[in-house]
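Given chain P, put chain S in place with the hints provided.
There are 2 protein chains.
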Amino acid sequence: MNYQAYPAWARAARGEEAAETVFKNGRILNVFTGEVLPGDIAVCGDTVVGVGRYQGKREIDLGGQFVVPGFIDAHLHLESTMVTPPFLLESSVPCGTTTYIADPHEAANVMGWEGIRYFVDSTRKVPANVYFMLPSCVPATPFEMSGCTFSAAEMDKYKDYERVLGLGEVMDYVSVVTGEPEMMDKLAQFEGRPRDGHAPGLSGGDLSAYALAGIHTDHECMTFEDALEKRRMGMHIHVREGSAGKNLEALVAGIVESGVDTAGFSFCTDDAHIEDIRRQGHIDHCIRRAIALGLAPAKAYAMASINTAQCYGLRHLGAIAPGYQADFVVLRDLRRVDIAVVYHKGKDVAGWSAAAPPLAPDSPLRHTVHVAPLAPEAFRLKAMEGGQDVIGLIAGQLATEHLTRKLPAQNGWFVPCDGFNKLAVVERHHATGAVGVAPIMDYGLRDGAIATTVSHDSHNLLVAGDNDADMLAAVAELARVGGGYTIVSHGEPLATLPLSVLGLVSDQPYEEVEQKLHHMISLARKMGVPEGIEPFITLSFLALPVIPAIRLTPRGLFDVEKFAFIASQPE
Amino acid sequence: MNYQAYPAWARAARGEEAAETVFKNGRILNVFTGEVLPGDIAVCGDTVVGVGRYQGKREIDLGGQFVVPGFIDAHLHLESTMVTPPFLLESSVPCGTTTYIADPHEAANVMGWEGIRYFVDSTRKVPANVYFMLPSCVPATPFEMSGCTFSAAEMDKYKDYERVLGLGEVMDYVSVVTGEPEMMDKLAQFEGRPRDGHAPGLSGGDLSAYALAGIHTDHECMTFEDALEKRRMGMHIHVREGSAGKNLEALVAGIVESGVDTAGFSFCTDDAHIEDIRRQGHIDHCIRRAIALGLAPAKAYAMASINTAQCYGLRHLGAIAPGYQADFVVLRDLRRVDIAVVYHKGKDVAGWSAAAPPLAPDSPLRHTVHVAPLAPEAFRLKAMEGGQDVIGLIAGQLATEHLTRKLPAQNGWFVPCDGFNKLAVVERHHATGAVGVAPIMDYGLRDGAIATTVSHDSHNLLVAGDNDADMLAAVAELARVGGGYTIVSHGEPLATLPLSVLGLVSDQPYEEVEQKLHHMISLARKMGVPEGIEPFITLSFLALPVIPAIRLTPRGLFDVEKFAFIASQPE
Numbered sequence: 190m191n192y193q194a195y196p197a198w199a200r201a202a203r204g205e206e207a208a209e210t211v212f213k214n215g216r217i218l219n220v221f222t223g224e225v226l227p228g229d230i231a232v233c234g235d236t237v238v239g240v241g242r243y244q245g246k247r248e249i250d251l252g253g254q255f256v257v258p259g260f261i262d263a264h265l266h267l268e269s270t271m272v273t274p275p276f277l278l279e280s281s282v283p284c285g286t287t288t289y290i291a292d293p294h295e296a297a298n299v300m301g302w303e304g305i306r307y308f309v310d311s312t313r314k315v316p317a318n319v320y321f322m323l324p325s326c327v328p329a330t331p332f333e334m335s336g337c338t339f340s341a342a343e344m345d346k347y348k349d350y351e352r353v354l355g356l357g358e359v360m361d362y363v364s365v366v367t368g369e370p371e372m373m374d375k376l377a378q379f380e381g382r383p384r385d386g387h388a389p390g391l392s393g394g395d396l397s398a399y400a401l402a403g404i405h406t407d408h409e410c411m412t413f414e415d416a417l418e419k420r421r422m423g424m425h426i427h428v429r430e431g432s433a434g435k436n437l438e439a440l441v442a443g444i445v446e447s448g449v450d451t452a453g454f455s456f457c458t459d460d461a462h463i464e465d466i467r468r469q470g471h472i473d474h475c476i477r478r479a480i481a482l483g484l485a486p487a488k489a490y491a492m493a494s495i496n497t498a499q500c501y502g503l504r505h506l507g508a509i510a511p512g513y514q515a516d517f518v519v520l521r522d523l524r525r526v527d528i529a530v531v532y533h534k535g536k537d538v539a540g541w542s543a544a545a546p547p548l549a550p551d552s553p554l555r556h557t558v559h560v561a562p563l564a565p566e567a568f569r570l571k572a573m574e575g576g577q578d579v580i581g582l583i584a585g586q587l588a589t590e591h592l593t594r595k596l597p598a599q600n601g602w603f604v605p606c607d608g609f610n611k612l613a614v615v616e617r618h619h620a621t622g623a624v625g626v627a628p629i630m631d632y633g634l635r636d637g638a639i640a641t642t643v644s645h646d647s648h649n650l651l652v653a654g655d656n657d658a659d660m661l662a663a664v665a666e667l668a669r670v671g672g673g674y675t676i677v678s679h680g681e682p683l684a685t686l687p688l689s690v691l692g693l694v695s696d697q698p699y700e701e702v703e704q705k706l707h708h709m710i711s712l713a714r715k716m717g718v719p720e721g722i723e724p725f726i727t728l729s730f731l732a733l734p735v736i737p738a739i740r741l742t743p744r745g746l747f748d749v750e751k752f753a754f755i756a757s758q759p760e
Numbered sequence: 190m191n192y193q194a195y196p197a198w199a200r201a202a203r204g205e206e207a208a209e210t211v212f213k214n215g216r217i218l219n220v221f222t223g224e225v226l227p228g229d230i231a232v233c234g235d236t237v238v239g240v241g242r243y244q245g246k247r248e249i250d251l252g253g254q255f256v257v258p259g260f261i262d263a264h265l266h267l268e269s270t271m272v273t274p275p276f277l278l279e280s281s282v283p284c285g286t287t288t289y290i291a292d293p294h295e296a297a298n299v300m301g302w303e304g305i306r307y308f309v310d311s312t313r314k315v316p317a318n319v320y321f322m323l324p325s326c327v328p329a330t331p332f333e334m335s336g337c338t339f340s341a342a343e344m345d346k347y348k349d350y351e352r353v354l355g356l357g358e359v360m361d362y363v364s365v366v367t368g369e370p371e372m373m374d375k376l377a378q379f380e381g382r383p384r385d386g387h388a389p390g391l392s393g394g395d396l397s398a399y400a401l402a403g404i405h406t407d408h409e410c411m412t413f414e415d416a417l418e419k420r421r422m423g424m425h426i427h428v429r430e431g432s433a434g435k436n437l438e439a440l441v442a443g444i445v446e447s448g449v450d451t452a453g454f455s456f457c458t459d460d461a462h463i464e465d466i467r468r469q470g471h472i473d474h475c476i477r478r479a480i481a482l483g484l485a486p487a488k489a490y491a492m493a494s495i496n497t498a499q500c501y502g503l504r505h506l507g508a509i510a511p512g513y514q515a516d517f518v519v520l521r522d523l524r525r526v527d528i529a530v531v532y533h534k535g536k537d538v539a540g541w542s543a544a545a546p547p548l549a550p551d552s553p554l555r556h557t558v559h560v561a562p563l564a565p566e567a568f569r570l571k572a573m574e575g576g577q578d579v580i581g582l583i584a585g586q587l588a589t590e591h592l593t594r595k596l597p598a599q600n601g602w603f604v605p606c607d608g609f610n611k612l613a614v615v616e617r618h619h620a621t622g623a624v625g626v627a628p629i630m631d632y633g634l635r636d637g638a639i640a641t642t643v644s645h646d647s648h649n650l651l652v653a654g655d656n657d658a659d660m661l662a663a664v665a666e667l668a669r670v671g672g673g674y675t676i677v678s679h680g681e682p683l684a685t686l687p688l689s690v691l692g693l694v695s696d697q698p699y700e701e702v703e704q705k706l707h708h709m710i711s712l713a714r715k716m717g718v719p720e721g722i723e724p725f726i727t728l729s730f731l732a733l734p735v736i737p738a739i740r741l742t743p744r745g746l747f748d749v750e751k752f753a754f755i756a757s758q759p760e
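Each protein sequence line maps, in turn, to chains P and S. In the numbering used here, each residue carries its 1-based index in the first sequence increased by 189. In the numbering used here, each residue carries its 1-based index in the second sequence increased by 189.
Same shape as in the complex, but just chain P (with noise of 0.2 Å):
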């Protein structure tokens, strides 16, 4: 509360004054009783004095209108729209999402501090609420080779950072629940605030271990059995339902037949697409799926807003009563969340437009894809009589199978064909020359190669494709491009998606990056790469060790449930 303010607003709140701004005449719902009530919302500066009958300066009819609490992402990743922070407020704003807590790790993977804090910067002035989690696990695992490590010792440094709220999801579930020394230092220096988690198919006595440590949150359920162990435990669920991973109908239909008391669960996107998020919306999204699937619409909203709120603190936000920031939103319609208008601080901001100030040409986040030399035969993967290990993909899932297959050969290397690919991970940030490369199987990608240089959380260089010429091709385009995504075939690159600020994000407005996402897209499926599997974002996926089953880093295939690489093949 401001309390240099507050003598005037209490003024306005009692009804002695005229308020600056009064919305009349909303159908408004109170996230604290499940009631829709008939009233006004009284406003001074950025914040709602009262809810009842009021007179302002300003008025504004909201003509019985519906009036909900602004949305919020309960855990994002910036770097994953492949937009500027200003740039996805342009799309996510209007969609009513006006909290956004992020968890910048992978920038931090890349370039450290440097890269956090180029998103801290750029979330300063619009028109939402962007906190930040600051990332645990840089790199992810202490196996992984990424652009940079984020210690304790640094952390420290930065945790009372502006908009900091807590601890970013503790991936390395092992360091947790064995009781690693630097990961204990990170859990204990955010002793007292949000601690988020990240724990796939973790479950009994290393769930309980995982909790004991303190970590309150998790986004990683796929099935309402998951989530209601987790809740048993107190932790908060957070839904998720972003581009790749999505597991809100499963766990929605859950909450929906058990009855069970949803105040512990929230709405996420994790990563999501700015082409998603254009097409089918973003926290509106997932409360007009949860209505759908049968979950009565106060507790939807209340999951996209208090219930959010109160998880991390926020004392401020996710209900519209008094003290509450005026962030609000005006639906024609609560079931189908038809928006009329989106209220940030008090003023709309449904039309707002960013202006974001360029990246410099020579800024240090522009240049930061180092590949080393690679030989023609770099991608060569001797196959095994007996059969190999293979990562399987999952229409759907980030969940890989672990597989093990006879694969196509000539002259003992393996070729790509029937339903198998060719994965290669290639060291970005230090141009060491680490080369891993291993089987994919349902990939389906014929006639070429697709490459990424977001490939989480290391961010390494990514490429699958059928044969090596191809695949080689299209690391020397993102190593040219500096970062971003590249469909090749014949040894030409048919379409590049720059991005580059750290070889994650475009500078581009998202017009231009939806319409050449969408276009490369198109051109994946027509590649071969079903539907379900989504050609980029799946990807992006196969090199991060934290999720299981099976995954390939710069040194190897790792199997994530033994937590081990697997023993190198023979070439």
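Treat the hints as calculated values from the structure; they're not laboratory data. It cannot be assumed that every hint is accurate.
The list makes no distinction among identical chains, and a pair is therefore deemed to hold if it is satisfied within one copy or across any two copies.
Derived pair list, reagent style DSBU-like, types lysine-lysine, alpha-carbon separation capped at 35 Å [unchecked claim]:
| hint | residue 1 | residue 2 |
| --- | --- | --- |
| 1 | Lys213 | Lys348 |
| 2 | Lys534 | Lys348 |
| 3 | Lys348 | Lys246 |
| 4 | Lys246 | Lys751 |
| 5 | Lys348 | Lys705 |
| 6 | Lys213 | Lys751 |
| 7 | Lys705 | Lys435 |
For chain S alone, coordinates are given in the frame of chain P:
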């Protein structure tokens, strides 16, 4: 979390090692999901490390009994129990209350920080968690004559003192809603921390202004409508069931009937005499009553545990789950709250016996009653021809009625009879000689006087009677013993309970106090004080000018609704 101990505890959580103690075969209430699930509770040190199937170095078979989290009293004044904290806990811990959120504002009114510190010190080595809210209104209003003033500057010194959680109940709502600078200072000091409210009957715009100031709780709701209005503003409602203020039945009936979400409700006692705690229980009594009124047991237990812990940011309390302190109650019966054993930090504490160090005879806390000599006519009150303001008591309520009545009189002076008594309040901290006198209705006392140095919140000396001589004798008796309760008839004390610590609390074990109190209450009943009026507690609130509708201070009658003194009546 104790991160030094964590690695070993995590091994126990994961089942790699036996836990220190395992409570086997419980039926455990999960307050997050509302389920009762069979299982074992594994404890290391003071913390639950896992719930499920566990082996322990030491195992305690619960034989299928129910286990619920230790109860939390969301708001109480330890002083009101009339015994020192160790003697209170000896009685209330066996009732399952393992956490107490105390506001030592009675002590502060008598002796400022020295008074508060006595309660902090005396709860350091006890088998319960005792937290403090720093008193915000000492004195309760600017109109009062208390022993001490606890200013914003003073508060700043102690706001981070051990176990201080937040700002104590803000009773002076006028100072809040008018933006009085000292009050703004106090509120600002506790920004981001819990700030307790006290807003009986506050509604509409005034309540909006009060909530706008950042006040989060209220324990003064007398009707469900009142509670619902406050919940709509996001305030957390403490359902009070104390010795005098009994709001549980009205509020729980409303909760049950409306089906409103109970996450924003807790239980508290506020002011409970040791005698009542011994007779009917503590928070267990609230749970039992709520279940009997139709509230689902899981919700009632949550109101006594996790709801309150979350309200006050006590992340380690209120649930039986990994990382939560091992405070739990074993029950023979869930609906009857039939308690078998109480565990605090994993230890059986139901049989804990207080070994309270006695307060030194020369401690300044024992010498707090300083009354100026009173003339025989000190309590004379003129009777007005046309009728005059009378304090009307209401059975079972702290609120009073502001009545206008023509009083019985002789020679123009009010003479108590026909349901009218005389009430006087004598300043007792600085021997100023200030005395307020007023008529009260329905106290019912005949042939004597009843006096107390417990009189919220300034704790001046209150005396009620039907004749001035007994009233004067009662004042003399309390001055003699250093404060307490007394009943006088025909000039002689019939019984006196010395409350020699601050004039508020006995230093004797509860049996002594209970026995004496029981005897004195019977005596008061025989002398005419009717059922529904607590002879001492009801009296002790009659000088508190923040509860409607009319109160008496040493400066005269006070109209709480107008928040102003009633023009003094000519002698």
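Structure-based check of each hint:
no.: 1; hint: Lys213 with Lys348; verdict: neither (42 Å within a copy, 41 Å between copies)
no.: 2; hint: Lys534 with Lys348; verdict: both (26 Å within a copy, 31 Å between copies)
no.: 3; hint: Lys348 with Lys246; verdict: neither (42 Å within a copy, 40 Å between copies)
no.: 4; hint: Lys246 with Lys751; verdict: between (65 Å within a copy, 29 Å between copies)
no.: 5; hint: Lys348 with Lys705; verdict: neither (37 Å within a copy, 57 Å between copies)
no.: 6; hint: Lys213 with Lys751; verdict: between (60 Å within a copy, 31 Å between copies)
no.: 7; hint: Lys705 with Lys435; verdict: within (23 Å within a copy, 68 Å between copies)
Consistency with the previously given hints fails for numbers 1, 3 and 5, ordered from lowest to highest.
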